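Chemist: Residue-level listing of the chains:
Protein chains: 4
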Amino acid sequence: MSKILEQLADAGRRFDRHGWVLGTSGNFSVVLSREPLRLAITASGAFKGRLTRDQILEIDGSGAAANPAAGRPSAEARLHLEIVRSRGAGAVLHTHSMWSTLLSDRYAGTKGLAIEGYEMLKGLEGVSTHEHREWIPIVENDQDMSRLEGRIRDILFSQPLPHAFLLRRHGMYTWGETLSQAVRHVEIVEFLLEVVGRNEATSWQS
Amino acid sequence: MSKILEQLADAGRRFDRHGWVLGTSGNFSVVLSREPLRLAITASGAFKGRLTRDQILEIDGSGAAANPAAGRPSAEARLHLEIVRSRGAGAVLHTHSMWSTLLSDRYAGTKGLAIEGYEMLKGLEGVSTHEHREWIPIVENDQDMSRLEGRIRDILFSQPLPHAFLLRRHGMYTWGETLSQAVRHVEIVEFLLEVVGRNEATSWQS
Amino acid sequence: MSKILEQLADAGRRFDRHGWVLGTSGNFSVVLSREPLRLAITASGAFKGRLTRDQILEIDGSGAAANPAAGRPSAEARLHLEIVRSRGAGAVLHTHSMWSTLLSDRYAGTKGLAIEGYEMLKGLEGVSTHEHREWIPIVENDQDMSRLEGRIRDILFSQPLPHAFLLRRHGMYTWGETLSQAVRHVEIVEFLLEVVGRNEATSWQS
Amino acid sequence: MSKILEQLADAGRRFDRHGWVLGTSGNFSVVLSREPLRLAITASGAFKGRLTRDQILEIDGSGAAANPAAGRPSAEARLHLEIVRSRGAGAVLHTHSMWSTLLSDRYAGTKGLAIEGYEMLKGLEGVSTHEHREWIPIVENDQDMSRLEGRIRDILFSQPLPHAFLLRRHGMYTWGETLSQAVRHVEIVEFLLEVVGRNEATSWQS
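Those protein sequence lines, which keep their order, are chains E, W, B and Z. The first sequence maps to residues 1 to 206 in our numbering. The second sequence maps to residues 1001 to 1206 in our numbering. The third sequence maps to residues 2001 to 2206 in our numbering. The fourth sequence maps to residues 3001 to 3206 in our numbering.
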């Protein structure tokens, strides 16, 4: 697990530099095995800019820690498991950035926002032209994880299949086949949200 | 004291990277003992991005330096002592950020601002749901430390108990049971202030 | 090639810190020889903040990789070759920044934007006074590289000769006699675009 | 001179991180001796984020390089000498930041801007209360250094004595008795300009 730790710590440092995981916000996971399902996931309350070995826990498909004495998995472990199962993801990343927070509220009424026409969209797996239209769904935030899990399950299969979604006034979830692809998706989506947000925020809009 | 120095220096480096302690602004303290009360506090005029051993001073409960030859404690030492006594804090952190400065002025008329509905609020000790409403009091700035101390004493016991307060056109104070908790509170409060500030500053407000 | 790798990696780290090459966006090239024409160019999908030796490929004047087994050159290799040939550049740099993306869309209707009167313009090769007027052309984005190449060829010879151009909703291209000059041009143009963008975005415009 | 080089390089790295000396913009100087007057000053075209020994030149009171073979001093050396003579400064720092550029244009009509009521003002040497009113003069930019020198001489003695001035659409100059004081002044003034700029740029202004 030392390679996975190193890669997760590296992602944490990058995101921390951008201010996307302030406080102890955000959580990351990587699939260790599919049969039986095992995830490495960041512990609750870990500071993501400096992840240490004891802050990465192993959980099974029910969300229970392989070694309960080692710490408490993130409360959002169930959302990670849902994404891994529904979409076959190999890694799931959740950030709490400025622009995902702002836009998740701004577009809550339409339950999502469309991003279209940007070259940067080609960084999303399977997208081959800037003429792509990406719909980023927004889900109401909830402290009841089973209710939140249900809402997310619906979103994950909406057509066209999304690469990411926002939790309202909370943050962004994205994933990838590999951790490296998921990291790329974080950077792409965060960039695009900032483009949309700054574009709207200016006074040049008529 | 070398562990405390290391932790304070680390906090200083982080805050400096975010531009929250420019110039030689800000000051930090940690409780060394309760009986008798002893604090480690940053010296006046220290640059927080690169704290050295001789820039951390020990003071007693009256604010006097244990070793006056070592340097002058921050002029705001009395505010730190007040927070330690009134709220039982183990560490007190004061930053001079962009958004705390802007919002401390913008909301001076209402003597504070409310932040409500954000998941990030759960990073504040004792808050377990995003449905929490945090009131951040704003106090008029003053060069008379005993007058300022009096104003802050009132604020510290206002209901519901605040996790932080702003000094007008000056900056932000927060605290925690431990230094690590206080650092988390700085990051959470700075994030939330920026969310509120950017949200208001955009032209999408009708 | 180890010195070139080191310089390209350094440029990548700098641009990454500014958020100008998020995801795996952007691409960089340096002329290795003129007769026959040989370029070192970043591989498709390379993360620019941490370039490694195997992510720098050698291509000939047709855009074909000297060693096809080593990886796929950036899809935009033809644009780099066009700039090297038309303008005699020794290095070409392409970034995907926030402000180039925003302004490339904002000024698409006028097919470019003028920047005039700033001291920073003197950082562009051959400019000796802030009274200079720099026209930055904007080209419609396209996935058809030969069509895009044609549009860019026209732009490269427009009078006065530009130091950079934007691809709409895509990013910025600039170049220099040397890699170090091209890096300087990136920083100058990005700064000036942000000045123009922030100036327009404020409410102080009447 | 190795200690001065180290301190100048450190200042350059800090300012570069904030984006205040992009391209090869900005220039720094330190007084080596008063009788006869000798300055260490950054060479023209040096990249400030990574200053090397050969990029720091020694000049005399006429602005001539002690060793002309070593490189060309910054074109603005005469402005540094003027500030050193008129105000007795021990170090002079010039940055090209976003907010100094924007505000130098915005307030050109009133030939300066006032900053008042901020605690951060106390970081300026000799200021002991936030109730201080700092007037930051703005001078029209000019490529004729002797004309620019004349304008600046007038500004340097205006009452109350300024801690800094702006060149229109160009950048900011500040100074201090020591390099460390001058660095602090850069950070204080840049912070205050950004506060004023962001405050004005928001839509909360009625």
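Check before you lean on any hint, since a few could be wrong.
Taking lysine-lysine and the DSBU-like style, the derived pairs with C-alpha atoms no more than 35 Å apart in a straight line are [what the hints assert, rightly or not]:
1) E:Lys111 with W:Lys1003
2) E:Lys3 with W:Lys1111
3) W:Lys1003 with Z:Lys3111
4) Z:Lys3003 with Z:Lys3122
5) B:Lys2003 with E:Lys122
6) E:Lys111 with B:Lys2003
7) B:Lys2003 with Z:Lys3003
8) Z:Lys3122 with B:Lys2111
9) E:Lys122 with E:Lys3
10) E:Lys3 with B:Lys2003
11) W:Lys1122 with W:Lys1111
12) B:Lys2003 with B:Lys2122
13) E:Lys3 with W:Lys1003
14) B:Lys2122 with B:Lys2111
15) Z:Lys3122 with W:Lys1111
16) Z:Lys3003 with B:Lys2111
17) Z:Lys3122 with W:Lys1003
Residues of chain E placed beyond 12 Å of chain W at every Cβ, according to the derived structure [claimed, not checked]:
18) Lys3
19) Asp16
20) Ser25
21) Ser33
22) Gly61
23) Asn67
24) His96
25) Met98
26) Pro137
27) Ser180
28) Ala201
29) Thr202
Derived from the structure by calculation, the hints contain no laboratory data. Nothing here was measured: the structure is a model prediction, and the numbers come from that model. Just so you know, even glycine gets a beta-carbon here, dropped at the ideal spot from N, CA and C.
Chemist: Taking the numbered hints from earlier one at a time, note which ones the structure violates and give those numbers from smallest to largest.
Modeler: The structure conflicts with hints 1, 2, 3, 6, 8, 16, 19, 20, 24, 25, 28 and 29, although it agrees with all the remaining ones.
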